[in-house]
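A.B. asks: Sequence:
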Amino acid sequence: MEQKIQGESKLTFLEASSIIVGHGVGSGILAVPYLASRNSWLDIVLVLAVVYVINLLLHFMIAELSLNNGGLQFIKCFEAELFAGKLKTFATWLAFALLGLSVLLNVSGFIAGAAAVFHSWFGISTRLGMVLYYVLAALVVAFGMKAVGVCEKISVFSMLAVIGVLFVASFLHPSGDFIAKFHSARNVLALYGMVSFSLSAVMSVPQVVKGLQGDARQIRRAIAAGTGLNLFMIILITVMTLVGTGSSITEDGALVDLSRHLGGWVAVVGYIFTLLALSTSFWANVLNLRDIINEQTHWGTRPSYFAASLPCLAVALLGLSTFVGFTRLASVIQVLTGLGIILAYHRSRNRVGQSAICGRFGTVPFQILVFISSLVSTVGAVVPVA
Numbered sequence: 001m002e003q004k005i006q007g008e009s010k011l012t013f014l015e016a017s018s019i020i021v022g023h024g025v026g027s028g029i030l031a032v033p034y035l036a037s038r039n040s041w042l043d044i045v046l047v048l049a050v051v052y053v054i055n056l057l058l059h060f061m062i063a064e065l066s067l068n069n070g071g072l073q074f075i076k077c078f079e080a081e082l083f084a085g086k087l088k089t090f091a092t093w094l095a096f097a098l099l100g101l102s103v104l105l106n107v108s109g110f111i112a113g114a115a116a117v118f119h120s121w122f123g124i125s126t127r128l129g130m131v132l133y134y135v136l137a138a139l140v141v142a143f144g145m146k147a148v149g150v151c152e153k154i155s156v157f158s159m160l161a162v163i164g165v166l167f168v169a170s171f172l173h174p175s176g177d178f179i180a181k182f183h184s185a186r187n188v189l190a191l192y193g194m195v196s197f198s199l200s201a202v203m204s205v206p207q208v209v210k211g212l213q214g215d216a217r218q219i220r221r222a223i224a225a226g227t228g229l230n231l232f233m234i235i236l237i238t239v240m241t242l243v244g245t246g247s248s249i250t251e252d253g254a255l256v257d258l259s260r261h262l263g264g265w266v267a268v269v270g271y272i273f274t275l276l277a278l279s280t281s282f283w284a285n286v287l288n289l290r291d292i293i294n295e296q297t298h299w300g301t302r303p304s305y306f307a308a309s310l311p312c313l314a315v316a317l318l319g320l321s322t323f324v325g326f327t328r329l330a331s332v333i334q335v336l337t338g339l340g341i342i343l344a345y346h347r348s349r350n351r352v353g354q355s356a357i358c359g360r361f362g363t364v365p366f367q368i369l370v371f372i373s374s375l376v377s378t379v380g381a382v383v384p385v386a
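For the sequence shown, our numbering begins at 1 and goes up steadily by one.
Calculated directly from the structure, the hints in this document are not laboratory data.
Please note: incorrect hints may appear among the correct ones.
[Unchecked claim] Taking lysine to aspartate or glutamate and the EDC-like style, the derived pairs with C-alpha atoms no more than 20 Å apart in a straight line are:
(1) K10 x D215
(2) K10 x E295
(3) K181 x D43
(4) K146 x E8
[As the list claims (entries may be wrong)] Across the chosen pairs, the derived CB separations fall in these ranges:
(5) L87 x L318: 27 to 35 Å
(6) F13 x F371: 25 to 33 Å
(7) L369 x I154: 34 to 42 Å
(8) F157 x G123: 24 to 32 Å
(9) P311 x L94: 13 to 21 Å
(10) L128 x Q354: 50 to 58 Å
(11) G353 x T126: 50 to 58 Å
(12) V382 x G263: 32 to 40 Å
(13) T126 x L94: 30 to 38 Å
(14) A84 x F371: 15 to 23 Å
Since the structure is predicted, the reported quantities are computational estimates derived from the model, not experimental observations.
Glycine is no exception: its CB is placed at the ideal position from the N, C-alpha and C atoms.
Please take these sequences and the hints and turn them into a complete structure.
C.D. replies: What follows is the structure, given as C-alpha cells:
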C-alpha cells in the first residue's frame with residue numbers, strides 16, 4: 001500500500017528532479033573532463049553507464065528507506081533501523097554530529113567558492129563576498145522547500161543554457177588534436193570516483209520523498225530524471241572540453257581550459273555557471289541540514305534554519321580551510337555513512353516486508369553491489385592519476 005506523506009510543501013515533478021540535479025551538480029563535473037582525457041573513449045562510456053546505473057540504485061534505496069520511515073532524513077532513519085541497545089542515544093547524536101559537520105563543511109566550501117568568484121569577477125573582498133553571497137543564497141531557503149524547488153528548476157535550465165552556448169562555441173572552434181587512449185587502470189578508477197561524486201545527491205533524496213508526498217512512481221521518475229540530467233551535463237561538458245581544448249587540457253578545470261582556447265568571454269560565462277552550480281548545492285544542503293536539525297532537536301523550522309546556515313558563514317569567514325579543503329573533509333565523513341545507509345535499508349526492507357521503490361533491485365546482491373561501488377569510488381578519489 002502506498003504511504004501518503006504530508007511534507008512541508010508539495011513539489012512538482014520538475015521541482016523534485018531539479019533538487020536532485022542541484023544537489024549533484026557542482027565542481028565535480030568540471031573536473032571530469034581532465035580525468036576523461038586520461039582514458040579511452042570506451043573506458044569513458046563504460047564508466048558513465050555503470051556509475052549512473054549503480055548510483056540510481058543507491059538513490060532508490062535511500063528513497064525507500066526514507067519512505068519506510070515517513071520521509072525522515074538519515075539520522076532518524078538510522079535511529080529507527082540501525083541503532084539499538086544502551087548506546088542508541090549516543091550513536092544517534094554522534095551520527096547527527098558527524099553528518100551535520102559534513103554538511104556544514106560542504107556549505108562553508110560553497111560560500112568560500114562563491115566569494116572567490118565575486119573577488120575574481122568584481123574585485124570584491126573575500127569576506128564581503130562571503131557575507132553578500134550568504135545573504136542572497138540563504139534568503140531562498142528561508143522561504144522553505146517550495147522556494148528551493150522553484151529556484152533549483154530555474155537554475156538548472158539556466159545552467160543548461162550556459163552549457164549549450166559553450167558546446168556550440170567549442171565545435172565552431174575545435175582544437176582537433178585530442179586522442180583518447182588507455183593510460184592506466186588507476187585513471188579508470190579516478191574517473192569512476194569523480195563521476196560517482198558528481199552524480200551523488202543522496203542527502204536530497206528525502207526532500208523528494210516528502211515533496212512528492214510518498215508517491216513511489218513519481219519518486220522513481222524524479223530521481224531517474226535528476227541523475228540522468230546530471231549525467232547529460234557531464235557528457236556535454238566533457239565532450240565540449242575535449243573537442244575545444246584538445247591535448248592542452250589541464251587540471252585547472254573545464255571552464256578555465258575553454259577560456260584559454262576560446263577567449264576571455266568564456267571566463268564570464270564560467271563565473272555565471274559556477275555561481276549557479278554553487279547556489280543549487282547551497283540551497284539543497286542548507287535545506288537538508290535544517291530538516292536534520294529540526295528532526296533531532298524539535299526546535300522548529302525557523303530556529304533550525306538559522307542553526308543550519310549561520311555556522312556555515314562563520315566557518316567560512318574564519319578561513320579555516322579553502323574550498324577544496326572543505327569539500328575533502330566533508331567527503332571523508334560522508335563516506336563513513338555509506339555502509340550505514342545500506343545496513344539501515346536492509347533492515348528497513350525486511351521490517352516492512354515489501355519494496356515500493358526498488359523491487360527486486362533492492363535485494364541483497366544489489367545492496368552488496370552498491371556498497372562495493374562506494375568502496376571503489378572512495379579508492380578512485382585518492383589514487384594518483386598517471
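A.B. asks: Now, for every hint given, state plainly whether the structure supports it.
C.D. replies: Verification of the hints:
With a C-alpha separation of about 11 Å, the suggested pairing of K10 with D215 holds against the 20 Å cut-off. Of the pairs offered as hints, the one joining K10 and E295 holds, with about 19 Å between alpha carbons and a cut-off of 20 Å not exceeded. The suggested pairing of K181 with D43 holds, with an alpha-carbon distance near 9 Å, which does not exceed 20 Å. Taking the CA atoms of K146 and E8, the gap is near 8 Å; set against the 20 Å cutoff, the hint holds.
The given range of 27 to 35 Å is respected by L87 and L318, whose C-beta atoms sit roughly 33 Å from each other. A C-beta distance of roughly 30 Å is found between F13 and F371, which places it inside the suggested range of 25 to 33 Å. Taking 34 to 42 Å as the suggested C-beta distance range, the pair L369 and I154 conforms, at roughly 36 Å. A hinted range of 24 to 32 Å for the beta carbons of F157 and G123 is consistent with their spacing of about 30 Å.
Between P311 and L94 the C-beta distance comes to about 18 Å, which sits within the given range of 13 to 21 Å. At roughly 54 Å, the beta carbons of L128 and Q354 sit within the given window of 50 to 58 Å. Hint check: G353 to T126, Cβ distance near 54 Å, so the stated range 50 to 58 Å holds. Distance hint for V382 and G263: a CB-CB separation of about 36 Å, consistent with the stated range 32 to 40 Å.
The beta-carbon spacing between T126 and L94, approximately 34 Å, falls within the hinted interval of 30 to 38 Å. At about 21 Å, the CB distance of A84 to F371 agrees with the hint of 15 to 23 Å.
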